[in-house]
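Construct all of the structure, not just a fragment, from the sequences and the given hints.
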Amino acid sequence: MSAAVPLSGAISRRSRAWAVLRATGPAGITSAVIIAAAIFLAMFGPLLAPYPPNLPNLSLAWVGPVGSHLLGYDFEGRDVLSRLLAGAQTAMLGPLAVVLVSMTAGTLLAVIAAWRRGASDVVISSGLDILFAFPGILLAVLAAAVFGAGLLAAAIALSIAYLPYVARVLRGAALRERSQPYVAALEVQGASARSICLRHLIPNIAPLVVAQATILFGYAMVDLAAVSFLGLGVQPPTANWGVMISENQTGILQGYPLPALAAGVCIVVVVIAVNVLGERLFEQAQAARG
Amino acid sequence: MLVASLLVASFLIFAALYLSPGNPAASLSGGRPLPPGSIRILDARYHLNEPFFAQYWYWLDNVLHGNLGISIAVRENVSTLIASRIWTTAGLVLYASLIIVVLGVGLGVVSGLRPGRLDTTTLVVTAVSAAVPAFIAAIVLILLFAVKLRWFPALGNGTDFLSNVRHFTLPAVALAAASLAIVARVTRASIREEGDREHVQTAVSRGIPARYVIRRHILRNAAIPITTISGITIASLIAVAAVVEVAFSLNGLGAYLVQSAENKDLAVVQGISLVLVTAFVVVNLLVDVLYAVLDPRVVLGSRAQ
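Chains F and R supply the protein sequences, listed in that same order.
Each residue of the first sequence is one higher than the one before, counting from 250 in the numbering used here.
Each residue of the second sequence is one higher than the one before, counting from 22 in the numbering used here.
Heads up, a few of these hints could be off.
What the hints assert, rightly or not - Per label pair, the in silico range of CB-to-CB distance:
(1) V314(R) to A434(F): 40 to 48 Å
(2) I245(R) to V371(F): 24 to 32 Å
(3) S369(F) to V29(R): 12 to 20 Å
(4) V123(R) to A434(F): 53 to 61 Å
(5) V29(R) to L424(F): 23 to 31 Å
(6) L28(R) to L447(F): 33 to 41 Å
(7) T499(F) to A313(R): 45 to 53 Å
(8) T279(F) to F73(R): 53 to 61 Å
(9) S428(F) to V29(R): 30 to 38 Å
(10) I245(R) to Q535(F): 13 to 21 Å
(11) L307(F) to R66(R): 47 to 55 Å
(12) R187(R) to L345(F): 35 to 43 Å
What the hints assert, rightly or not - Per the computed footprint, the stretches of chain F lying under chain R, defined by three or more beta-carbons under 8 Å from a beta-carbon of chain R, are:
(13) 383–390
(14) 394–408
(15) 467–481
(16) 501–507
(17) 518–531
These are computed hints drawn from the structure, not numbers from a lab.
Just so you know, even glycine gets a beta-carbon here, dropped at the ideal spot from N, CA and C.
As structure tokens, then:
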């Protein structure tokens, strides 16, 4: 959260961010701590991994937890804990990229549509309606078919697929903001459309944008992990939570469920934290609107 | 609107795969060099030398006549390949929808009407299960009900109707789990909201039987948000089914789409994408029609805002 705060006026903005976070209650704060821990792992996980995450040793395949190998070995005899730590990177960075691209484009489109109304609004809205016909996972699979499997193609596809959902909510909020008296007052004073939007309108819908970004992160994390599970996202042997589930799935049937389950638990815990925090932020944003 | 959005969607699907790197004639031949004569025959047969829009037109014309092209990998009609798999996916999605509507709405209504222990339990359980993606639900279900308890088979399709029901139960539950939780939560919230409305309080204080109040005043009004969320989540199952089919080795459209995407069998990818997008759009349309049935204020054809 605080990483997104720019340096200018850092103190007041940071304290405001704290106030927002404190108002989400104990559940919200716990979620924020979990998310912060996950972000920390995404940055330093590969360095923290006690063993090389990609070094196979087939004689140790499916061996359970022993000694410092707290979670045992996977199907190729690699240390599961190390792979979980290293796998946080792609599991977190992918959704982060999706959220950044989707929210930036979505906010821009929503504000342009709400500001200009008329033809621009019709073009943007109907474009988004058509995009709405493509479910995220389907678009990601199509992208893999066209550009080859990989995290980048999947992330771009999902960013596009989420656009209509993001832009629809924000367009509504921007339209409401556009009709506020302060906007008319600024226009009368001769402020340019760009400066009104950038300095007043977007900051005013910012709480909603942050809440939406948080919720979207959860969706992106699930969908990207699913695409990696399908074999069309992050490619093995790169460690990734989604990949770990698919490559260790045979262990479920053979009685070695730990490697797949451990990766599943990581995904679910982060997604729950993101959902809880996102819901609280959303409620706050709605309540502030009155 | 329906036709327009399907037309644009079909164009996007065609364009995306048209632009994909690789030479169609080379992939038809499996990468072997071809004599110029054969290339000319292939170009003529598949209209490979014609402009983009002409190719799109030929493709669309064929699609409208039920001809989705030929799979490069197995050299069969894509329509035939799709037809043999569509019932697995349709059955799976229908089964999961049934679970969502019966259990999700049922649980939401009961916990919405009766605050108490069941309600609290529902809230906690649904908060967790809403965050469990289908493929993780799948491995947990396989572990519990196929490996440990041995109640259901872990993988594959069944042979007749009853064995299919048995084979599809775990996949359908895995597919439904997250949506069920979301539907239950939204149902509960809207039942609560309607129950607190003044006209409901008035009806109760006038001594109108609870059963009547619930049916006429609470459920009727709560039906709109419940339909919305059920429709949205059920439509989303169409794409997520792919993940569940792969997890349970089911022979459905989604799993085949993934396999064809890996093999770059583009005609199959186009065909299945088109079928799935159409299904998605049609389900959303059905939900809109249902609105008009449930709420006389909604006029069909006007765009919902």
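How the hints compare with the structure:
1. A hinted range of 40 to 48 Å holds for the C-beta pair V314(R) and A434(F), which are about 46 Å apart.
2. I245(R) and V371(F) have their C-beta atoms about 27 Å apart, which keeps the hinted 24 to 32 Å range intact.
3. Taken as a hint, the range 12 to 20 Å holds for the pair S369(F) and V29(R), whose Cβ atoms sit roughly 19 Å apart.
4. Checked against the given bound of 53 to 61 Å, the beta carbons of V123(R) and A434(F), roughly 54 Å apart, stay inside it.
5. For V29(R) and L424(F), the Cβ-Cβ distance of about 25 Å falls inside the hinted range of 23 to 31 Å, so the restraint holds.
6. A C-beta distance of roughly 37 Å is found between L28(R) and L447(F), which places it inside the suggested range of 33 to 41 Å.
7. Hint check: T499(F) to A313(R), Cβ distance near 49 Å, so the stated range 45 to 53 Å holds.
8. Checked against the given bound of 53 to 61 Å, the beta carbons of T279(F) and F73(R), roughly 54 Å apart, stay inside it.
9. Between S428(F) and V29(R) the beta carbons are some 31 Å apart, a value that agrees with the proposed interval 30 to 38 Å.
10. For the pair I245(R) and Q535(F), the beta carbons lie near 19 Å from each other, so the given range of 13 to 21 Å is met.
11. Between L307(F) and R66(R) the beta carbon distance is about 49 Å. The supplied range of 47 to 55 Å therefore holds.
12. Distance hint check: the CB atoms of R187(R) and L345(F) are about 42 Å apart, consistent with the given range 35 to 43 Å.
13. Check result for the region 383–390 of chain F against chain R: holds, 6 residues qualifying (beta carbon to beta carbon below 8 Å, three or more required).
14. Coverage of the region 394–408 of chain F by chain R holds in this model, with 4 residues showing a Cβ closer than 8 Å to a Cβ of that chain against a need of three.
15. Requiring three or more residues with a Cβ within less than 8 Å of a Cβ of chain R, the coverage given for the region 467–481 of chain F holds, as 8 such residues are present.
16. Figure legend: the region 501–507 of chain F, annotated as covered by chain R; annotation consistent (4 residues with Cβ-Cβ distances under 8 Å, at least 3 required).
17. Look at the region 518–531 of chain F against chain R: 4 of its residues bring a Cβ nearer than 8 Å to a Cβ of that chain, three or more, so the hint holds.
Checked against the numbered hints given earlier, this structure breaks none of them.
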